[in-house]
Amino acid sequence: MDLIRLKSLKTDMEKCFRCSLCKMIPLPVVRHPEFTDACPASRLFHFHGYSGSGKQIMALSLLDGRIEPDEALARAVFTCTACGYCDVACKFIMDAERHRVNMVLREHLVDRGLSPPAHKKVRENLRTYGNPKGRPERTAGAWAEGLGLKVLPERKAEVLLFAGCVPSNDPQSAEVVRKLARLLLHAGVDLGILGDAEPGCGLPAYWMGDRDLFTKMASDAVSIFSKTNVRTIVAASGSCLGAFRSKYPEYARAPDVEVLHATEFLLRLISEGRLSLPRPVRARVTYQDPCYLGRQSEPYAKWEGVERTALGVMTYTDPPKPVSRGVKGVYEPPRQILRAIPGIEFNEMYRIREYSFCCGAGGGVPAAYPELARSAAQHRLTEARAVGGELLVTACAYCEAHFRRVQEDGGSQKQPEKMKVVDIIELVYEAAGLDG
Amino acid sequence: MLSSEEIRVLGDTVGPEWVCTDPCMMDTYSYYMNPEIVNQEGSLWLTRPEAVVMPANTREVSEVVRLCNRLNLMVKPISTGWSATAAASRDRVIVLDLKRMDRIIEIDVKNQIAVVEPYVKAIILQTILWKEGLNLHVVSCGGNHSPLASTTSAWGTGLDGPSMSYSGRNLLGVEWVLPTGDVLILGSAGEGAGWFTADGPGPSLRGIVRGYQGAFGSLGVFTKAALKLYQWDGPPEIEVGGCSPHYIIKDLPSNIGLFMLSFPDAKAMVEAGYRMGEAGINYADFRLPAFMCAIGSTDDNLDLKRIWETGLFQKIANYIMITAVIGYSPREFEWKMKAFRQILSEVGGVNLPINLPDNTRVPERLLKRIRRIVEFIDDPLKLLRKLPFLQDLISRLPINKRQRQKNLSELFWVMLRHANNTQGNFRPSQAMLTTMGTFDTWDLGIRQSDWIAQKKQEYIKKGLFLDDGGDLGCGGTFEQGHMGYLEGITLYSSKDPRSVEAAGKVVEEAVQACIDEAFGIPIAGFGQEMNAKLGPHCGDYHKWMKRIKEALDPNLAVDPFFYVDPGKKTDEDDSQGG
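Protein sequences, first through last, are from chains L and B.
Note that the first sequence covers residues 1 to 436 in this note's numbering.
Note that the second sequence covers residues 437 to 1014 in this note's numbering.
Honestly, the hints are just simulated from the structure, not real lab data.
There could be a bad hint or two in this list.
[Said to hold, decoys possible] In the DSSO-like style, the derived pairs of lysine-lysine whose C-alpha atoms are separated by at most 27 Å in a straight line are:
(1) B:K818 <-> L:K15
(2) L:K321 <-> B:K842
(3) B:K703 <-> L:K10
(4) L:K321 <-> B:K931
(5) B:K741 <-> L:K321
[As the list claims (entries may be wrong)] Just so you have them, the derived chain L footprint on chain B, three or more residues with Cβ under 8 Å:
(6) 584-590
(7) 740-749
(8) 861-874
Backbone N, C-alpha and C fix where the C-beta goes; we use that ideal spot for every residue, glycine too.
So that you can see chain L by itself, here it is in the shape it has in the complex (with noise of 0.2 Å):
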């Protein structure tokens, strides 16, 4: 397999001097000595390789023929929650790509077949089956049954809601969707679904290095959009939400319709007061970033140029690259919404936004190395405590799901007390006064 997108790329590389701040968050905003670490990989393994710098080394070095592809720079390249992070870090003080030397490098052993085993798996079943899971429990559009919605491309609608394959296999998970379209139909949205034939966003393809897959993935699912006619879409989970803003445009092509988070839908129908949020809800809530809903769902901004030279050894880029920080990704909306819920007793934890800590879900890391998801998720839980949190709010079923998960195992390690984990959607159904 050739190493052309890697190669075009080894400017970045070259980029890294090895500095580590892509291990932590940005060291103007730390504020607790426990809570510092960025990147869940680099927290549990330690070894540098295991780092946002050590992956831009690795394939460095892969580049200059030191080293050979095997699994274990397979291990270390896939032990990665591909949540971006190392990113954010480094343009904090350089213009540098991370995230894309990553997954490319992910993309490079997966053509040379060093996936992780169960990769391959979860890569078969979204070929056939379009769900990482496999045959799903129930089919893509059952959580909607009985709410009569209408289905589209056959009927007609304003607005798309997209429900993503959690749903299809966590009862949980498809009862928040049903929620949100309740919500939806309540506020006089003129709805539609998918139903049966709801594609998969394809995120997980594009997490575990399959290019090929998430290309065709991504373009099966813009034209199914393209011919529903709607004029916007709503995406119920964060991740499929990054996948449609960010990568689709990137590997595929972008929806020529206007794409939306749950959280920004509802908080534009707040603000229209076509929704409206009565009911108090008494909690302690803190809330999780989701990366792709966050820093990942920044949109994607082609740019062709050329790097030019001046100053006699100064590099800048002609015309000027657009540097993705993550910061435009969707934080605002569900802030919004939980500020205008009554009774909630909002605190931030200590690493939110663009420098928030993964929950440990992505990258198919539960998969193949439950032992770094579960970390993850359990050292997040920890923050959540430390500010007081007795509910942890997030809006993305991966997160949602895998916080439950995590609860429900324990693993090895003895486990504090649960702590409640929810889709935002439920707290604003609740608050709408809809659960009767």
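Place chain B on chain L using the hints.
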């Protein structure tokens, strides 16, 4: 390559999961800052270690070192590991990555002492200390460095030098795994009397532990260090808003003043440094060269190019000192500010208004106009210099509040939180090196800076170094102005072999100039070859280093990289009888 038996015994000592020999992982320990200058052939890769081992405590460190003595291996200890001094120098070296040893052992608030393990980072310790009204010295590479490493094994000075000196001065004791594997606790703590001094009872070993420059891990492994702490009159914590790359402090306490001072010439800047130090006014200071001011004012290199080419920074920022003033009480702050203004007025310094519009994203047309105007004005700050009241007046104008807060924040991060420091210098050309710089007097620093600025011009003209105007001498005063330091930074390209070669050459020329011009021992003057060059002019210290190494490390079980290899002769050894 280690034998499977060697890997097994290492695994028995620290746990098999904490021993790694995978080539891909080893390469992440053979790539550091500035490797191409260390490697004569210009390669980015340094020696690949045989293994990386991660001990969890002093006992494990000691056992690994003993094993190395037995198995004819060497250890190379690293903590946060950034510069090429962290690399292995030869085959059969195992890196001891101390990342798992990250405990703060003790903070003695009353006696102002912290005892830490190797991987405690400065920013973490500082976060805790501020809440106790205490602070620690942080070297200029920033808050993510290891204070233990800096204090025991390397050299470093930081922006808070005026109030907290430099790293080597703040060592109050160590727990030290000697190259034989024996554990020695140095100073009062060795007698069970607490960590209040590294000296005595009996002769002090502090000079041997680190000397002037530090031994870069060549004399064993320091597993604990006691650090001297200082009073902190700033806030216990700071509320932060904004987002990357500009995190904004919400409120600056009224007892803190952060200033950007521009002086008409080097003499005035030196004088101000001395006077402020003598009066005890400056909590932190730093001479920020014009090109670094320009880097700090921009977020990308194209903007940097555009504003640098106006020539404005070269006219107003040639002698800039950023300064922090902190008062214990409102009265003390008031007094300090009075003295500060008087000194500034006497030496002709200008407190630059920081609420003026941002330099970036200015239309090209306007930049061209600025360039034309600047060409005809020698001293754009003349009016402000003549009428000091104008400086305050402009600063107080209720304009550009956002800009003012942004600039104040940057000064806060750089001087007091050490959160945005050296790393930013890599942005323009991805490679940076340093040459001159000694712990000496403040005006000697200026002389060094002038020398290196002139020397760099030769290479800048050939297009081999970044054209930063030549003068990238940065540093500050410390110990109330008794001492000072200016480092001669060069920005080069690691991808251009000619630039790399020039970088290596300028380092050698700078070291030679230190001998010829009696500039002192420079920051670039470490490693066996350099020490052998400089030693004969400074009490033959290189010979003492060799004796120390031989005495402490009879089996050469600790990598002597960047210190001294007793078995290796240099040209200078031969010519001067070793």
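Going back to the hint list, which numbers does this structure go against? 1, 3, 6
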